[in-house]
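Taken in sequence, the protein lines are chains A and B. Offset between the first sequence (1-based) and our numbering: plus 53. Offset between the second sequence (1-based) and our numbering: plus 119.
Treat the hints with care, since some could be wrong.
[What the hints assert, rightly or not] Taking CB as the label site, the calculated pair distances span:
1) A:Arg140 with B:Asp296: 25 to 31 Å
2) B:Lys190 with A:Val130: 49 to 55 Å
3) A:Ala137 with B:Thr278: 28 to 34 Å
4) A:Val173 with B:Asp296: 57 to 63 Å
5) A:Arg221 with B:Arg206: 42 to 48 Å
6) B:Ser130 with A:Asp204: 49 to 55 Å
7) A:Ala178 with B:His301: 47 to 53 Å
No lab work stands behind these hints, which were simulated from the structure alone. Think of the CB as a built atom: it goes at the ideal place given N, C-alpha and C, for glycine as much as any other residue.
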Amino acid sequence: MSAPAGEHLPLELLIDYFADDVEPAQLDAIEGHLFACTSCTAEAERVVQVVASLRALPPVGITRAQIAALQARGVRVREADFAAEVRKVAEFTPGDDVLIHHLSGLDLAHAERVHVTVKVESSGATLVEDHFAPFDRERGAVSIACQRHFDRFPPDVLFEVRVYGPGREPALSRYLVPHVFGR
Amino acid sequence: MSPEAIATHASEEEVARRVAAGDRAAEVELCRRFAPRVRLYGLRHLREEERARDLVQSVLLVVLEALRAGKVDEPEHIDRFVLGTARNLSMKQRAADDRTELREPGDLDVHSHLPEHAAVDAGALFGCIEGLEPRARTILFMSFYRDKTAQEIAGALQTTAGNVRVLRHRAFAQLRDCLDGHREGP
Numbered sequence: 054m055s056a057p058a059g060e061h062l063p064l065e066l067l068i069d070y071f072a073d074d075v076e077p078a079q080l081d082a083i084e085g086h087l088f089a090c091t092s093c094t095a096e097a098e099r100v101v102q103v104v105a106s107l108r109a110l111p112p113v114g115i116t117r118a119q120i121a122a123l124q125a126r127g128v129r130v131r132e133a134d135f136a137a138e139v140r141k142v143a144e145f146t147p148g149d150d151v152l153i154h155h156l157s158g159l160d161l162a163h164a165e166r167v168h169v170t171v172k173v174e175s176s177g178a179t180l181v182e183d184h185f186a187p188f189d190r191e192r193g194a195v196s197i198a199c200q201r202h203f204d205r206f207p208p209d210v211l212f213e214v215r216v217y218g219p220g221r222e223p224a225l226s227r228y229l230v231p232h233v234f235g236r
Numbered sequence: 120m121s122p123e124a125i126a127t128h129a130s131e132e133e134v135a136r137r138v139a140a141g142d143r144a145a146e147v148e149l150c151r152r153f154a155p156r157v158r159l160y161g162l163r164h165l166r167e168e169e170r171a172r173d174l175v176q177s178v179l180l181v182v183l184e185a186l187r188a189g190k191v192d193e194p195e196h197i198d199r200f201v202l203g204t205a206r207n208l209s210m211k212q213r214a215a216d217d218r219t220e221l222r223e224p225g226d227l228d229v230h231s232h233l234p235e236h237a238a239v240d241a242g243a244l245f246g247c248i249e250g251l252e253p254r255a256r257t258i259l260f261m262s263f264y265r266d267k268t269a270q271e272i273a274g275a276l277q278t279t280a281g282n283v284r285v286l287r288h289r290a291f292a293q294l295r296d297c298l299d300g301h302r303e304g305p
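Only chain B is shown next, with the shape it has when bound in the complex:
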């Protein structure tokens, strides 16, 4: 089976089994599929793009080495194995609070499998934020910049956590749609 056929048709279990059998094209395919997922996990837990990308590299190396060495007992659950590895390595990274856990990258080119970090035009962002109600701006700001919980925000705004979540969902969707409009513009 060619690498193209792997990309189109193979299940993740099949890809994992092929990696275990020494198929280099399957390794590339496995990285292509899981690199974006690990990056999102890294952004959620490590907060920074660079640290998230470092995590991708570390996780995929561990996963590939485990598959090559026949140490993955359930290739049909390779997604769970990758998630577990991401959890372990991100916990270590947070505990160390630096990047000393980085593994040697070898010839693994994970960056080609990750989306480019799309910088949003600051002017467009301000324009979209300006279009939000002041209370909605405040909730987004406190949620994603000050990292306050819905409960903490509710206390400051004298409302309920449930209401904060509803307003946050609406404001976020409005902001996202506005930014999408700017990207699609001339």
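The shape of chain A in the complex, shown without the other chains:
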């Protein structure tokens, strides 16, 4: 998709631009237009605000480095280990900003990709998926960042972890983690 000569850039093209999903030739044309068009600069600013908001969210799947960065920013983080198929409550206390659930006991030695699905156990509804979740190969764990704002979602949370490796069907592990949000 490109803007006809003399016209403004369509929203769709601006979204693709900030998603880093345009061809090099398009990139030159878009940037040339943006530097010459005040109206498109204003529209791009609106797109950037949404992108920045999405990127500012703590991720669902989180790395050790990202946990350390949260703590360095003063975010109050509490960590706990969870085993597959063992129901274990995660309780948000007033002193917690983020809970880190380490979904442990995974065979990640040959993992190429880990797919995490966050579901409502009772309804089976999918809340969010991360098809490229970071994982800790040595510890055999995937870490999930749970934020207080998740109290909007039903509390009976089920994490499904699929580990993709070479030449085999994905291995599925289920973690049953009911959440309690204390005030």
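Given the structure of chain A, go ahead and fit chain B onto it with the hints provided.
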């Protein structure tokens, strides 16, 4: 011509020529016009607000110095000169992967020409994300958080890259409209 008249009526070429002639008010006007554009470029290529703002400062200093020194051959294409400068400096910044390329700011106050970094209320953001279809949430997340291409996302979701783009456009517009509604609320 007063600074107000410059802001209202002058073309960018005129502003550039006035900077070259030593007009300080025109320098302010040039910064006002180009600072937001360079910042957007910086956010796209450097990803971080702080680095984008640093880029604005560096680029505008180079541009002003070039104009003052009569080194801009085509003031009628000052936008291209600013874009080229942004490309060069952002490439250097990425190569160095730090901010050692920062130039002395002198008396250039670019920050007053940039929009305030508007933090979106996290609760509102979650509420709006909650309103998206799960597949739409996933595509936005993989696009803007995991930085996956439409092709990579299509592979994971077993669909086409074209379909991923269409769903991304719809989801993004829905999210933006929802967030706009929260900003305009009481």
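Do the hints match the structure? See the list:
1. A:Arg140 with B:Asp296: 25 to 31 Å: About 39 Å separates the Cβ atoms of A:Arg140 and B:Asp296, which means 25 to 31 Å is violated.
2. B:Lys190 with A:Val130: 49 to 55 Å: With Cβ atoms ~52 Å apart, the hint holds.
3. A:Ala137 with B:Thr278: 28 to 34 Å: The hinted range 28 to 34 Å holds for A:Ala137 and B:Thr278, with Cβ atoms some 29 Å apart.
4. A:Val173 with B:Asp296: 57 to 63 Å: Violated, since A:Val173 and B:Asp296 (Cβ atoms, about 26 Å apart) do not stay within the stated range.
5. A:Arg221 with B:Arg206: 42 to 48 Å: 45 Å, holds
6. B:Ser130 with A:Asp204: 49 to 55 Å: Between B:Ser130 and A:Asp204, where Cβ atoms are some 54 Å apart, the hint holds.
7. A:Ala178 with B:His301: 47 to 53 Å: 24 Å, violated
Going through the hint list in order, the structure does not satisfy hints 1, 4 and 7.
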